[in-house]
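As you go down the protein sequences, you meet chains A and B in turn. Using my numbering, the letters of the first sequence map in sequence onto residues 157 to 541. Using my numbering, the letters of the second sequence map in sequence onto residues 882 to 1459.
These are computed hints drawn from the structure, not numbers from a lab. Any given hint could be a false lead.
[As the list claims (entries may be wrong)] Capping the alpha-carbon separation at 30 angstroms, the derived lysine-lysine pairs in DSS-like fashion look like this:
#1 LYS214/A / LYS1219/B
#2 LYS214/A / LYS1178/B
#3 LYS1181/B / LYS1268/B
#4 LYS1156/B / LYS214/A
#5 LYS1332/B / LYS1156/B
#6 LYS1268/B / LYS214/A
#7 LYS340/A / LYS1272/B
#8 LYS1178/B / LYS1090/B
#9 LYS448/A / LYS1252/B
#10 LYS1219/B / LYS266/A
[What the hints assert, rightly or not] A short list of chain A residues far from chain B (calculated; beta carbon distances all over 12 angstroms):
#11 PRO163
#12 ASP176
#13 CYS180
#14 GLN208
#15 MET209
#16 LEU363
#17 TYR447
#18 TRP455
The C-beta atom is built at its ideal place from N, Cα and C for all residues, glycine as well.
The primary structure of each chain is shown beneath.
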Amino acid sequence: MPVRVNPMFIDDLYHFGAEDVQLCYQCGDCSTVCSHADDVYKFPRKSMRLLQMGLEQKLETTLEPWLCYYCGQCSEQCPREADPGETMMSLRRWLISRYDFTGIARQFFKSRITEIFAITIIALLTGTFLLFYGFSGGNIHIYDGDGAFLPSPFIHKFDLSVGAILAVFLVINAIHMWYLVMVKGTLFAIPWWLYIKELYQLPWHFLTQKRYSECERKREHTFYMPWMIHLGLMLGYVTMLILVMVYIEELQAGPEIHWQVHIFGYLATIGLIIGTIYFIRSRFKKHYIQYKKSHGTDWVFVVLLFIIVITGISQHVFHRTGLLEAANITYVVHLMSVVPWLLRMPFSKWSHLIYRPLAMYLAAIRRDALVRQVSILNSYPVVIK
Amino acid sequence: MKNCRIGVYICMCGTNIAKIVDVEAVAKFASEIPNVVLARSYKYMCSNPGQEMISQDIKENKLNRVVVAACSPNMHERTFRNALRSAGLNQYLLEMANIREQCSWVHTDTIEATEKAKALVYAAICRVELHEELENMSVNMCPNSLVIGGGIAGMTAALELADAGNTVYLVEKNNHLGGNLARVDLTAPYLYSARDLLTEKITRTYNNKKIHIHLESKVKDLTGFIGNFKATINSLNGIPSEKNKSIEVEIGNVVVCTGYKEFDASRIVHYGYGKLPNVITSFELEKMIRAGRIETKDGKIPRYVAIIHCVGSRSQEFHSYCSRVCCMTALKYAHEIKSANPDSYISDIYIDMHAFGKGHEDFYRRSSEAKTLFLMYEKGDRPVIHKATPKDDCEMLIEVNEKLSGEVIEIPADLVILMVGMEAREDSREVARIVNISQDKEGWFIESHPKLEPVATTTDGIFIAGTCVAPKDIPDTVAQARAAAARILARIAKERIEVDALYSEVNEKLCSGCRLCNQLCPYSAIEFLEDKKQSHIISALCKGCGVCVAACPSSAIKGRHFTDQQILAQVDGLFGIG
């Protein structure tokens, strides 16, 4: 059955950042320069083509956009300035909205105002709730221990409930992704044991982002810089998330914090602060091609993260210096940015934390299955009647 | 032959000849042949020092025959003839031996090639001994011209000739000037209005007193030769009117610019042209655009428009050539449709995008920027147009095996435009016969040399320009028309024209009047003198091809510069006899 071309799709993708894809004339320079494109996963060229033709059903089942880490070499090389790198980025945004069953991601990507409005509402609700809780039972002059303004067991429960909501959305979306890629989009058999064989890919890609470092190999002048900073930011973030979700009561236990928690806290903070400053600066300076175009959601991502980091640090400093009232107020502001940030995750770029390692894992399984399929086909003699 | 003093010159042609042929050995061999006064080899015989060497030798050594062993006479015979003339020797006392194209370029064995070069040189020496002094003829050049075809090419040529003060007879088959360009709205890539381009030309043509326009007419007959043609112009409808009657005119040169006709799209059944109402040709779209409304047969504005390229072109089934203008015209349509209906979506279904001209690549880019969807199909794997079902939001669906993605896709379409290619007109055969020029297998007129003589033909005085030669765009057509006019003006300025002395003559004593040669002559150069009952060759028309010489049962015809004796001596020489 022929696939129906949708000439309107390209207009839709414009809102996700694919502004120049129509210029592509399929020379294939982008795929040649790409460190990750190969015979099985032909990108960015093929992805650009599917996008131009609006073959939505084909695109929603591809993994290619996730295999790209946006080093930008394809965009530098493109003779038509069709910006394949940004197109892959836009496709990732579109895929996030496609995996998201609620339709919220789509609204956020298409309208910056909607996103900022939603964030503001959530932040205000959070602030109101916390202030109400704090003034009803606690004392603004006490930061930790008995009678604290925001006691840590309460915050722990609060964090866990936000985390649970987050997890529900993420898991459902990840299953949706798996269904689109492995069921709807795969026409050959995938043996179950391949899922076990390739399982190591998940933690491996999550923790090392090794393929990102491969992107940088061709560039001599950067010394793997974007990869290291990106990795630092991600590890810092995840560490902080674990500390907040699991060890929050220890963090706030006063001066007798376990040194391990202390060390991890500081390391994570360093990773986060370097990362956010680097990415904000890059988006302003636009000195690398991947930072030349910033989607509205990219700014919300870095700016919100920056606010979280700054309020987190200030709260710590105020606590240590005895300015407990200031520490409590900063704490409220900190949580007012953390909650919308966390709730926004399944509907934003941030969810690539989950989708990307998952894509690597599924891509490896698909490749194995494909190789297996081809060898099975080859083992049968071809009879021509 | 007594008193022959022959100079032999062996050219090395850089290393072209010297690499395979031992030129020194050939020179030494030649110098030992009787009547050869001297034999020399030189790096580039055609260079100025080379030519000077020949003329100096002629003067100092009193040479009266020259053999140059070098490239093909097509290349440099004229050069060496000039060298002879400058030394005061008749230019026909030269013979060339082709030891490059016919020897060094086609052989690898040095010894054998050298022997062959010696044989060729020896044959040339044997022949040159029998050469005679001949004089070129000079004939009058009538300053009037005939232009066949009143399109952009015809009008351009006519105006160019008439503006220089010459009379031009412009013959057009239709009842108006303008040709195919009059059917077009805008032109690619600069979007100039075709009407503006034409109106100016048509007005100037009508206002020019030197141009005699014959509408609804055709050239029925053309006789004579360069500078001295007679053409009969007939009214097409057969009713000679005051304005439009059968006349005979005297002319010196002819420009043929009869143009093209479009391919008949109904010949490709896949496209359903003539059956599906909203499948139209490019010219039908032009008509809509000029009427100011692009619409489907039901009068609706089409939301999805598809343009299919190479209809009749670049296929083994129909025409293998590229029609050259359709790619840019298709982009022009994309632009025009998008400007008329900004909400429309345009799919451009092509084989290759040929954007070779000035401004074309930019035009292609702009079309991409306007989100024209370019879809590539494999040559020979044509798209198929189906009628859509009522469920679909479009009239038709075009199924294509899209080459760049490898996907089989279907494209929605409300209006399909077929970019019909150019083909030779049905009457081109008749025109070719009347003006005595040749056609290729596709019916296009053949130029004298595809690269160096693009507007001349093998018949002197007949020029071709525009799309009757091959598909081309407006700038190329205009350039050719002006080139043809310039060639004619140069000849008119000379007033007389020199014709090569290579023609055949009838020996009246031997001719029996059998008239066998009369029908054979491909240039209609032989007339029969009823009073003498003998055939006579019009020397200015004769090209010296030798058909009559070979055919004459009485050996009454002599081909000057190609006499039986000269050719036999050359053949004998080649085999080492004599």
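Results of checking the hints against the structure:
1. LYS214/A / LYS1219/B: This hinted pair holds, its Cα atoms lying about 28 angstroms apart.
2. LYS214/A / LYS1178/B: Answer violated: LYS214/A to LYS1178/B is near 34 angstroms, above 30 angstroms.
3. LYS1181/B / LYS1268/B: 17 angstroms, holds
4. LYS1156/B / LYS214/A: 34 angstroms, violated
5. LYS1332/B / LYS1156/B: 43 angstroms, violated
6. LYS1268/B / LYS214/A: Distance ~25 angstroms between LYS1268/B and LYS214/A Cα, so the pair holds.
7. LYS340/A / LYS1272/B: Roughly 24 angstroms separates the two Cα atoms, so the pair holds.
8. LYS1178/B / LYS1090/B: Not OK: LYS1178/B and LYS1090/B at ~46 angstroms, beyond 30 angstroms, violated.
9. LYS448/A / LYS1252/B: Within the cut-off at roughly 22 angstroms; holds.
10. LYS1219/B / LYS266/A: At roughly 25 angstroms apart (the allowed maximum being 30 angstroms), LYS266/A and LYS1219/B satisfy the hint.
11. PRO163: 4 angstroms, violated
12. ASP176: Label violated. Min Cβ-Cβ 9 angstroms, cutoff 12 angstroms.
13. CYS180: Answer for CYS180/A: violated, closest chain B Cβ roughly 8 angstroms.
14. GLN208: GLN208/A not clear of chain B: closest Cβ-Cβ about 6 angstroms, inside 12 angstroms.
15. MET209: 6 angstroms, violated
16. LEU363: 36 angstroms, holds
17. TYR447: The claim holds: TYR447/A sits with its nearest Cβ about 24 angstroms from chain B, beyond 12 angstroms.
18. TRP455: With a cut-off of 12 angstroms, TRP455/A remains clear of chain B, as the shortest Cβ separation is near 27 angstroms.
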